[in-house]
Every structure is written in C-alpha cells, then in structure tokens.
Amino acid sequence: MNPVQNTNQYKAIVIGGSAGSFQVINKILNGLPTDFELPIIMCLHRLKHVRQGFVEALNLKSSITVEEPDDKEPIRKGKIYLAPANYHMLVELGNSFALSTDEMVNHSRPSIDLTLESAAYVYKNKLIGILLSGANKDGALGMKKIKDWGGLTIVQDPAECMIDTMPTSAMKVTQIDHVWPVQKILQFLLEVHKQNKKISPLMSK
Amino acid sequence: MLQYPNIITTPDIEITELRRLTELLRQKYNYDFSNYAMSSFKRRIQRVLELYRIPTIDGLIRRVNDEPGFIKEFISEITVNVTEMFRDPSFWREVRDKVIPNILLNNNHVSIWHAGCSSGEEVFSMTIMLREMGILDRCKIVATDIDADILAKAKAGVIPIKNMELNQKNYIRFQGAHSLEKYYKEEGGKAIMDKTLVENVSWREHNLVDCTPFSKFDIILCRNVMIYFNQQLQNQVLKMFHESLFKYGYLIIGSKESLIWCEVANRFIVVNNEEKVYKKVKD
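Same order as they appear, the protein sequences are chains A and B. Heads up: the first sequence at position 75 corresponds to 94 in this note's numbering, and the numbers run straight through without jumps. Heads up: the second sequence at position 255 corresponds to 240 in this note's numbering, and the numbers run straight through without jumps.
Note that these hints are calculated values from the structure, not bench results. The C-beta atom is built at its ideal place from N, Cα and C for all residues, glycine as well. The reader is advised that the hints may include incorrect statements.
[To be verified] Rough simulated footprint, nothing fancy, chain B against chain A, three-plus residues with beta-carbon under 8 Å:
id, stretch
1, 35 to 41
2, 87 to 100
3, 201 to 213
[Said to hold, decoys possible] For lysine to any residue, the following SDA-like pairs were computed, each having C-alpha atoms within a straight-line distance of at most 25 Å:
id, chain 1, residue 1, chain 2, residue 2
4, A, Lys156, B, Lys224
5, A, Lys98, B, Glu259
6, B, Lys147, A, Arg70
7, B, Lys224, A, Arg70
[Unchecked claim] Have a look at the derived ranges for each label pair, beta carbon to beta carbon:
id, chain 1, residue 1, chain 2, residue 2, range
8, A, Met181, B, Glu184, 48 to 56 Å
9, A, Thr53, B, Ser75, 30 to 38 Å
10, B, Phe55, A, Val69, 56 to 64 Å
11, A, Lys46, B, Lys125, 52 to 60 Å
12, B, Asn93, A, Ala38, 48 to 56 Å
13, A, Lys46, B, Glu166, 23 to 31 Å
14, A, Ala38, B, Glu166, 48 to 56 Å
15, B, Asp179, A, Lys96, 36 to 44 Å
16, A, Lys143, B, His94, 51 to 59 Å
17, B, Asn15, A, Thr53, 46 to 54 Å
18, A, Ala154, B, Ile177, 35 to 43 Å
19, B, Lys125, A, Gly113, 36 to 44 Å
20, B, Glu166, A, Gly72, 28 to 36 Å
21, B, Asn50, A, Lys46, 50 to 58 Å
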C-alpha cells in the first residue's frame, strides 16, 4: 500500500519530542521546502524557566521560521509553531491556539499529550501525529487520541531513537500506522507536500 | 490484529454537553463560563470528572444541579490556581526599574489591581518588591479573584514549602535586595508569609467575566488569566481594564498573551513587548 494516498486530506501536523529529539527535529525542519504548506505544531519538552534560545536554535537550521505563538493566535498555512516555555499549548476550535498554565501533565509543561489531544479533537482524521525520541511517556495518550479520531500516527523507529521510551509507550497504547526512521518520516512529509501541490495548486495562494 | 490494553481515559466531552453545563451554571448560580476557551475549559471539566470519579458529564450536571453546596468546590477546581512568586523575573525587574519609577515621576501614590490574583503569589511578589523600594506604604493594592476559597488562602499567606525552592530561584533571578527567607517563616511544612506585607491590600471577590469596573488604577496586572477566555470575552474584559486605568496607566498581561487582536489595542502603546507591558494613551 502506498502510505501517501489521499494525502491532500490533511490539514495539520503535530510533532512531539523530548530527550534526543533536537537533532531529529533539526533534520526534518532543514529538509522541508520553504513553501511547505501544512502548519506544523510542535510540542517539545524544554526547560520551564528559560524563555529564550530554543526557538532561535531551531531557526539556525529550519527552512521555515519557527515561531512561539501568542494566546489566541490563528493557526496559518505555511507556518511552524513551537509550544512556548512554561505554557501548555492547545489547539482551539476555529483554528487558533489557546495557551494555559494548568498543572503540569506527565511532569511537563508544555505537555505533549495536551497538544496532541486538543489537535486530534479539532482536526480529527485530517491530522498527522508524529512522536519522536524521548525519555518519558508523555505523548502516548495523545497519539491514542489522534488514532481514535481517525488521524494518522507515526513514531520514530525506536531502534534509531537516542531514548525510545516515548515511541514505545505510544506503540503500547495504540495502533501506530508507521514506525519509521527520521529519513523516512521526512520523505513522507515531502510526498505529502508534492501531493498537496498537485491536487490543489491554488491552495497556497 | 494486535490487542491494546484497555486504557482508561475519560471519554471525550461533546461541545453540546459542555453547553448544557455552562447553561446550568449561568442560570442557577450566575457563573458564566460560556465564553471560556473551549479547549482548556474542556480539559478542566475532564479533570473535575477524574478528581471526583464522576463517569459522565451528565453525572456532573446532576451533581451541580442537586447539590448547591458543591458549587464552591466546583468553582475552586475549575479555575486554574497554578502560580509562582516572581514568575518571569525579567518582567519584575521591568516593573521595579521602569514602570513604577515612571508613575512616581507624576504621582506620590501608586494604585495597583491584581486581577485574578489566585493564591496571592503575585501580590506577595509585588509587596516585597515595593517594600524593598521603600514605597509600600504609598501604594494602594486591590487583589481580586472569582474564587472565595482561594482568596481566603491568599489572605492567609500560607504557601506549601515545596514551592519555595522555585520561588526562591525566581527571586534570585529577579535580583531582590535580600533573601526571600526574610519574608516568611517555616512552620509545619508551610511557608508563612510576613503579614505586614499585605496589611494594606484589599482582597475582593470579583468575577472578571461580569466586566464591572469598580475603581481606577495606575497599574493593572492580569497575567495568564485571560488565556482561559475566548477572544470575544477577552475583548470585553480588556475594554473594562481600559476603563479602569488612569490615562498613562499600565496594563500588564502574560508573556505569551497579546493585545494585537483586541478592539482597544489602538488606545494603548507597547512599552515592553517582551514582558507585555502596555500603556494607556487614549481615553
């Protein structure tokens, strides 16, 4: 089966990652074309009390500028978003972000589960969820929600992960559509991009 | 076919069910949550269901309806009370070094409103800072919250000692004049704050959602409170804040909040975009 059939159905991509995911994210963001259309919503574990530096580090390599959204900022095509330090980042109906300072979840704020779960609820089967290397189980239940709502689930191949707890936890709680090394994940995203362009060349206008 | 263990997660709440709950809260208890941000409100409700082991939202609706005594607890749980002293130390330096001196150029007194003060950490941060500046007795401070229980807690000034490590770290990064320990004593696993810090603070129950102004201020602090509202409600509250500020007064919101999308934006100027300090320049 060609995994990229009907890729034009997708509206957004969410990515979760923790320990060992920085290089992987860099590779993905570096490999994307500058006109990549689907919004990418990233929740990566980070130091709670360091507001600056992370997004700047990602932007050294990313082909599209990564931004930390403000509360209620609309989610736009062609943008890459990163959950800000010490806030949970949720996707709100009507396609905007809602930030929160709720209790930590899985010892984390931002918590990957919360971003994934809220995105799954809003985008349903039009969402691609990707979970990368990490040392705890944050994100596993979020991946389950994505699957339950009909979205596509991808984890980084545990064999390639610096720390594989995160992807393997997800594999234990739900069906993962693809277990891929990062190169393959990137290829897939490029294929999604190509399909999008072919099917709706006017979409980006 | 692979079998997955039966993970117990709270079932997803439908928007229509949320509406039934907010409608009941509004009609019966006069609390209006209908313009809260859906994603975070839904999550708070899910948390309440888990906490009280209520299996469905129907069960919660029944309980809210049948047990008038439950509403206080419910309000406490539904509102977010996670806060820290000197959160974003660089912001507190900005208030100490720029905002307050600026107000003192033209005024002898400073009036401050902490809107949504929760358990009071920001109020104590503020009064500690003002005392170190030697002007605490020239400041009039009002602290409000929707939740009567949390206000009582704030007033008592008792903070779990486990939180003090972070508070301490923030205070050091704020570059306070002393050590935070100067302002509390440890007793039975709790930090008891120095009450003289807040003897001139007036604590009041006030629901921002009602949008009723009650006084005028030089500074309004409302950090990470409006993130729980939808944009329509944010607009209304910001209008009320605008009304409640003296001309050239300061509005301060959370580091990832923004005035850009609101209607009164053009009546403010940005003083510090990083720390989200705005100044009212037009009535």
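* Asked: Of the numbered hints stated previously, which ones are contradicted by the structure, given in increasing order?
  -> Failing hints, ascending: 1, 3, 4, 7, 10, 13, 14, 15.
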